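Could you slot chains H and P onto chain Z? The hints should help.
If you're matching them up, the sequences are chains Z, H and P in order. Quick note on numbering: the working numbering labels position 165 of the first sequence as 165, and the sequence is numbered without any gaps. If you count the second sequence from 1, you need to add 314 to reach the working numbering. If you count the third sequence from 1, you need to add 646 to reach the working numbering.
There is no bait here: all hints are sound.
Think about it this way: if two alpha-carbon atoms lie no more than 30 Å apart in a straight line, the pair counts; the simulated DSSO-like pairs of lysine-lysine are:
| id | chain 1 | residue 1 | chain 2 | residue 2 |
| --- | --- | --- | --- | --- |
| 1 | P | Lys874 | P | Lys859 |
| 2 | H | Lys474 | Z | Lys301 |
| 3 | Z | Lys251 | H | Lys474 |
| 4 | H | Lys474 | Z | Lys233 |
| 5 | H | Lys474 | Z | Lys305 |
| 6 | H | Lys474 | Z | Lys238 |
Chain P side only, calculated, beta carbon under 10 Å to chain H, not exhaustive:
| id | residue |
| --- | --- |
| 7 | Glu967 |
| 8 | Tyr1001 |
| 9 | Leu1002 |
| 10 | Leu1013 |
| 11 | Gln1014 |
| 12 | Ala1025 |
| 13 | Leu1026 |
| 14 | Ser1030 |
| 15 | Ile1035 |
| 16 | Leu1081 |
Estimated spans, in silico, between C-beta atoms of each pair:
| id | chain 1 | residue 1 | chain 2 | residue 2 | range |
| --- | --- | --- | --- | --- | --- |
| 17 | P | Phe684 | H | Val633 | 26 to 34 Å |
| 18 | P | Asp993 | H | Phe420 | 36 to 44 Å |
| 19 | H | Asn413 | P | Asp1045 | 53 to 61 Å |
| 20 | H | Ile506 | P | Asp692 | 53 to 61 Å |
| 21 | Z | Lys109 | H | Val633 | 47 to 55 Å |
These are calculated hints, taken from the structure and not from any lab test. A quick note: this is a predicted structure, and the numbers were derived from the prediction, not measured. Glycine residues also receive a C-beta, built at the ideal position from the N, C-alpha and C atoms.
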Amino acid sequence: MRKLLAGIAVLGLIAGVGAASAQQKLTIGVSIPAADHGWTGGVVFHATEEAKALEKQYPGLKVIVKTSPDGAAQANALEDLTTQGIDALVVLPHNPDELTDPIRKVKSKGAFITVVDRALRDRSIEDLYVAGNNPELGRVAAAYVKEKLGGKGDIVVIRGLPIPIDEQRVNAFNEGIKGSDIKVIDSQFGNWSRDDAFKVMQDFLTKHAKIDAVWCQDDDMAVAVLEAIKQAKRTDIKFVVGGAGMKDMVKKVMDGDPMVPVDVLYSPSMVAVAMDVTAAGLVGHIPVRGSYILNATLVTKENAKDFYFKDSPF
Amino acid sequence: MNEPIQSVRSSLWSRVDLGAVAPFAALAALLLLGTLVSPRFMSVDNLSNVLTRSAFIATIAVGATFVITAGGLDLSVGSMAAFVAGIMILFLNGGLIENPVLLIAFGMILALFVGALCGLANGLTTTLGRIEPFIVTLGTMGIFRSLVTWLAQGGSIVIKSSELRSAYRPVYFGDVFGAPIPIFVILGVAAIGAFILYRTAYGRHVTAVGSNEEVARYSGINVTRVRTITFVLQGLCVAIAVIVYVPRLGSTTSTTGLLWELQAITAVVIGGTRLRGGVGRIWGTIAGALILEVIGNIMVLSDLVSEYLIGAVQGAIIVIAMLAQRSLSRTR
Amino acid sequence: MPACLSPPRPAGLALVNIAVGEETPSPALEAFGLSKSFGPTEVLSDISLAFARGEVHAIVGENGAGKSTLMKLLSGHLEPTKGALSLGGERIVLRGPVDAERRGIVLVHQEILLAPHLTIAQNMFLGRELRRGATLDDRAMNRRAIEAMRALGVEIAPNIAVERLSIAQRQLAQIARALIAPHEIVIFDEPTASLTPVETDALHRRILEMKAKGVAILYISHRLNEVKAIADRVTVLRDGKWIATRPASALEPVDMARLMVGRDLLNLYPDRSPRPSGTPVLEVADFNAPGYAAGASFALRKGEILGFAGLIGAGRTELFEALLGLRAGRGEIKVGGRTIRLHNARDGMNAGIVYLTEDRKGKGLLLQENLTVNLTLAALDRFSNGPLIDRAREAKALDEAIVDFDIRLGDKNRLAGELSGGNQQKLLLAKMMLLNPQIVVIDEPTRGIDIGAKQQVYRFIAALCAQGKSVVVISSEMGELIGLCHRILIMRAGRIVGEVEGEAMTEDEIVVHATGVGASAAAASTARRA
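So that you can see chain Z by itself, here it is in the shape it has in the complex:
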């Protein structure tokens, strides 16, 4: 069966795009984490929206979106997708290290592999790599903080979970403020969770009499940080820099909230970009191999409306 499908796909490719699109059957499998926090919620939203849009745009194209709560479940999902027969796989792996081999197996069946956000250990497996720029996210935030504070001040950092992405962001941030008089006076993990970030910020406020700014790299946590500051009625904190591009935060930037002057993009919509490019490559034979790194754009009051998606859950 799988061979047969592959054969049809090859025939379709030979026949050419325009003529084939009526009867050509192509399948893209999309494997992403389940919505376990805001950002992945956004990923799921964008993936399902994009799947609908692509199926409308390319008749004959089928897009299967599978969400998995953890790495092991995702490995199973990959096997299931392979069994159904897919021509291309768009995958945002839970933990790229442990999913490298399962993805290699999918590739060995002849599927086109697009990896999103988290690069595999063996980069040769990826036909296409689409990601936000993690170090850039740290750098952009650092540059903004440095400029806004005039190169001098005490800041606290709330980190995510201890995984490579977090490390890349934080290292780049520290690199970015190097040489200035900006000091990171404290740093703790907030686990990208609102509740944990709230606690950590409360304790930071207790511990430090003067804080100039907060960098928390994630908008979910920024919501909690703002709430904790509000409760403590502290006026020394000049602003909070989050990250990702959550719509509530983008809205605050747009409305000119002094506590949230900017946001740094790391949009879950990157999965849609990846699916779009993959589909274009598969159906339209546009050479799409390589790496697509999306900029960690600084969202300011001026450009905020371009990044405000009213219907997104994130």
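Structure of chains H and P alone, referenced to chain Z:
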């Protein structure tokens, strides 16, 4: 011989149950540690922060004390909290009632109702279905979690009206006589819980069922009813926690309440309740919840421990607290 | 098979002449001035005894006389405060029960210590599993389990989980488990507490076999008739002190009882009231407890004491548990002429019927709770104002119960599990009497309790009937049924197969009905009658 004197003394001594005192001793030791580690630890603001945010786990853990004392277990409380919060916020956003205060009041009643219903579902499935509560609540844990993710469409459920938010906000952030409202909630829930468990026939039945189900049955106690009601009480406690939780951030996400079940169970066990049932200690549970929160607070306030090792230190302190408690109970 | 005996050794040490100075066979185990104190209380003082090979040596005494402590000292479960032991003439110090077992001293516990979810064979070889290479040799273990049980007169599949066995079968399994270890000295602690006469006979045959092979046997029992029948010598303890050691032939049960309590014990059983002839208060017709009892019909009159005799597994307990709604059952029950249905214990209590379980520790009392909690548990609504428990009233009820039922304890705050068997039974009685029942079903009323407490329980049952209440007594001790009841029904294999009353109430008659075989079993039991 002075035998009578001795017997009086020994009966007085046996009335002081060291096992019941242990969690408070551990809490006192932690407070001392905190004071030594950070000068800001003993500040009114910090202590009230810690007390206030322990409200969720403490409240839920009071319910868990009932379930566990009766020999059950509820793993679904964290997901249930997220689910109840989701329903409540959606109701508030529905805006069926003009008056915000009235709307919030009805939202609270709805939350209690939904919580009780979730608990009833857990209870009836375990008792009438004769399935281990561990499995049942593991199942409902997944169900509630998925439902809230679905309700939120993967994102967060937020109170939309800012007017409503500011009307509801004081329930978490407000204070009475200088003490935050959540502290009164903890005290109230614990006092009612202690009253039910220690002073009423129902509470006695809960202990009996957990101590030996057969003895309870042979004594004419309706074991099914007693067990089911513990789950309903647990649901109500979750709802009360939610009522205090929602005004804090005005939102719930699919990660709300993640691992709360384990924290609640830990608080209950640190407090001296027997995990296999038959011995329940409400005030110990409150001490347990405070211990968990104080440990976290001390870790952040001090610069002693690397942020990477906080989990290890927390785990070690919990194990040490349990060991201390065990050895104290054994000397009895 | 099980007993792996070393060849008899010559007696090494001078005999300690403890009793009347008659000829004593060579001692296997000797105790010299054993004393044991817990804190300031001395529970056993200065006991010197010698236990000979090929001899059954019974130890009797009331609860608290120190029998169990002595057994624990002899089997390494406790260390003596003073005194010493010698084994085969050599001074030894036992470092725990494992050490004792290694030296061939085996204690058969009174409490059933088996893992309920494991099978008979798995329990029997727990911690000493037979292996074949790296894997368990289940076949061999099952085979030896069958043999070990058969030696005790029980034919049972070895792969049945212990939880599915009756209490008597569990006790036999426990005995079998102890006896598969190599042994030279075997201590039985109340081995027949839950056995019926036929099983007791089988066990006694087994003991006689062991005796013939030269094993020294220590036998603790409350059943003085049994002691008389099986023992060669009898030692009486009272209040932790040695009172007497005499040949069993020179000691009648009544003498033993007198030595045990230190005074004359006349009339163990109270005077029997004339058999009541009034209307039945309880009528049961064609009642079934699926899997246990079928077609049971009987009536109980006001003021009557009705006995239920039978072998273990005859379905007596299960019949009454089903009647009371404690397990599945079907059939007609009339109380005071009205047909009722009992779905659970509470329904029975509301109808004025209570059931006192044979399994006091498992189903009767909360061992980890204090006396008050246990006392009021079934009648808590009488001690409540609305939902609130009235603790003062509870405390008063406990004071009354302690007086009314003569519950003896040092401290009212003690846990139920710390009471002696007799006091536990009294507490259970007090608990159920708070419900003011008209019909009382008592299952094994005197199992594991001492003779003084037994007498009190009997008097209490007689008093109930004098008050116009009706009592059903289920018992494996035929003597007490005969001494106490107006009428006895006998069950066999789930059916009521016989009824005896008046002069016809003899052990022979009951055994004939209970076993379905006539003379042989009857003769065996006659031999044991005092």
